[in-house]
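Undergrad: In this note's numbering, the protein residues as written are 2 to 370.
No lab work stands behind these hints, which were simulated from the structure alone. Careful: at least some of the hints might be erroneous.
Think about it this way: if two alpha-carbon atoms lie no more than 30 Å apart in a straight line, the pair counts; the simulated DSS-like pairs of lysine-lysine are [claimed, not checked]:
no. : residue 1 : residue 2
1   : Lys327    : Lys315
2   : Lys163    : Lys132
3   : Lys197    : Lys139
4   : Lys202    : Lys269
5   : Lys202    : Lys135
6   : Lys206    : Lys132
7   : Lys139    : Lys327
8   : Lys163    : Lys315
9   : Lys135    : Lys163
10  : Lys269    : Lys197
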Amino acid sequence: MMTASSAVLDLDPPQAKAPSARQRQVSDFSELTRMVQETGLMRRRYAYYWARFAGIVALLAACGAGMVLLGDSWWQLAIAGALGVLFTQMAFLGHDAAHRQIFRSGQWNDWASLVIANLFGGLSYGWWLHKHSKHHQKPNVLGTDPDMINGVLVWETETLEKPTTGIRGWLASHQGYWFFPLLLLEGLNLHVNGLKTIFGKEPVKRRAVEITFVTIRLVGFAAAVFLLMPVGMAFAFIGVELAVFGFLMGASFAPNHKGMPVIAPDVKIDFLRRQVLMSRNIRGGRAVDVFMGGLNFQVEHHLFPSMPSPALRKVRPMVIEFCQAKGIKYTETTLIDSYRIVIAYLNRVGIASRDPFQCPLTAQYRSAR
Numbered sequence: 002m003m004t005a006s007s008a009v010l011d012l013d014p015p016q017a018k019a020p021s022a023r024q025r026q027v028s029d030f031s032e033l034t035r036m037v038q039e040t041g042l043m044r045r046r047y048a049y050y051w052a053r054f055a056g057i058v059a060l061l062a063a064c065g066a067g068m069v070l071l072g073d074s075w076w077q078l079a080i081a082g083a084l085g086v087l088f089t090q091m092a093f094l095g096h097d098a099a100h101r102q103i104f105r106s107g108q109w110n111d112w113a114s115l116v117i118a119n120l121f122g123g124l125s126y127g128w129w130l131h132k133h134s135k136h137h138q139k140p141n142v143l144g145t146d147p148d149m150i151n152g153v154l155v156w157e158t159e160t161l162e163k164p165t166t167g168i169r170g171w172l173a174s175h176q177g178y179w180f181f182p183l184l185l186l187e188g189l190n191l192h193v194n195g196l197k198t199i200f201g202k203e204p205v206k207r208r209a210v211e212i213t214f215v216t217i218r219l220v221g222f223a224a225a226v227f228l229l230m231p232v233g234m235a236f237a238f239i240g241v242e243l244a245v246f247g248f249l250m251g252a253s254f255a256p257n258h259k260g261m262p263v264i265a266p267d268v269k270i271d272f273l274r275r276q277v278l279m280s281r282n283i284r285g286g287r288a289v290d291v292f293m294g295g296l297n298f299q300v301e302h303h304l305f306p307s308m309p310s311p312a313l314r315k316v317r318p319m320v321i322e323f324c325q326a327k328g329i330k331y332t333e334t335t336l337i338d339s340y341r342i343v344i345a346y347l348n349r350v351g352i353a354s355r356d357p358f359q360c361p362l363t364a365q366y367r368s369a370r
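Whole structure, please, built from the sequences with the hints as guidance.
TA: Printed below as a string of structure tokens:
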């Protein structure tokens with residue numbers, strides 16, 4: 002017969018199991034998220050973004066007025082360079098809208114991105130969103146991160162079907178030194194990829210809007226340039242604007258992940274560590290913030306992509322302290338050092354591409370585990 006005391010013992014809940022490593026890792030990010038939300042840094046910054054947008058538009062209008070007043074003058078190329086800078090700043094603004102940083106409403110952010118990227122920039126918001134979303138989901142994951150797909154440059158050797166040989170092999174082994182000159186063509190590449198997307202067969206949300214906005218921007222801009230200047234100067238003007246725009250875009254995105262650990266698609270890693278370990282911050286003051294559009298706080302941006310960019314500097318100390326407490330490596334360097342790392346990384350991968358079976362990326366990942 003069961004006694005009262007034994008009945009009580011029988012009803013006691015079983016001893017709770019210790020949380021698994023996976024559960025602890027998931028709870029780490031949940032803990033950090035709660036801490037950040039309590040600071041209020043996730044709130045929208047309407048005044049900041051409207052002022053930033055108005056300021057860029059005013060400067061663009063000033064450049065337009067300067068083009069009309071200068072007429073047949075090679076000083077027009079200075080305005081072309083200024084436009085390249087302003088279009089880059091506008092692209093950073095579009096990046097923030099696409100990440101839902103500006104408005105609470107997703108629809109408002111979508112339309113802001115369409116106006117900024119397509120109408121002001123001549124780029125495809127749909128193409129960029131698809132590509133960039135994949136990057137944020139799996140940064141530096143081989144075969145998944147679109148920023149790691151081999152093309153003109155060899156970013157990784159795991160997926161190479163055959164070694165690079167001859168002139169291409171020699172160029173690959175020195176590709177780090179070609180990186181920055183090639184960025185002068187990145188502006189043209191961005192426009193071409195956008196056009197291929199909106200006029201292609203793949204599904205594009207609001208295709209008609211994208212086509213309309215991009216056509217107005219590209220055709221209207223080219224028409225204004227050729228109407229105001231002689232043909233030779235007009236081509237030079239467009240070339241300078243595209244070169245400056247492409248260089249600044251590439252120079253602001255490259256330091257963030259290139260040269261950081263690269264992992265295979267089947268490697269299991271939690272969200273917090275995936276975003277921190279694969280990202281690199283760039284130290285510097287407000288000038289670096291402007292130059293990189295806030296992307297210098299890449300770790301914080303990847304952890305909280307919808308956080309308004311002006312709040313990233315403020316949340317950085319909290320993230321650093323949290324990573325130190327959890328034993329997670331937090332990487333930060335100067336802009337110049339980051340470029341040295343990118344160049345050395347590209348050259349190292351380029352040399353390895355001549356013999357893919359000797360892959361430095363795999364060795365780097367294994368040694369870091």
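Undergrad: Are the Cα positions of Lys135 and Lys163 separated by 30 Å at most?
TA: Measuring from Cα to Cα gives roughly 26 Å; hence the hint holds.
Undergrad: Hint check: Lys163 vs Lys315, CA-CA at most 30 Å. Holds or violated?
TA: violated, 47 Å
Undergrad: Check whether the Cα positions of Lys202 and Lys135 lie no farther apart than 30 Å.
TA: holds, 20 Å
Undergrad: Keeping to a limit of 30 Å between CA atoms, is the pair of Lys163 and Lys132 held or broken?
TA: Distance ~26 Å between Lys163 and Lys132 Cα, so the pair holds.
Undergrad: Between the alpha carbons of Lys202 and Lys269, is the straight-line distance 30 Å or under?
TA: violated, 34 Å
Undergrad: What's the verdict on Lys197 and Lys139, does the C-alpha distance respect the 30 Å limit or exceed it?
TA: Holds - the C-alpha atoms of Lys139 and Lys197 are around 24 Å apart, at most 30 Å.
Undergrad: For the pair supplied as a hint, Lys206 and Lys132, confirm whether the alpha-carbon distance does not exceed 30 Å.
TA: This hinted pair holds, its Cα atoms lying about 14 Å apart.
Undergrad: Is the Cα-Cα distance between Lys269 and Lys197 30 Å or less?
TA: Cα-Cα ~34 Å, so violated.
Undergrad: Verify the proposed pairing of Lys139 with Lys327, using a straight-line Cα cut of 30 Å.
TA: It holds: about 22 Å lies between the C-alpha atoms, which stays within 30 Å.
Undergrad: Checking one constraint from the list: CA of Lys327 to CA of Lys315, max 30 Å. Satisfied?
TA: holds, 20 Å
Comparing the model with each earlier hint shows violations of hints 4, 8, 10; every other hint is respected.
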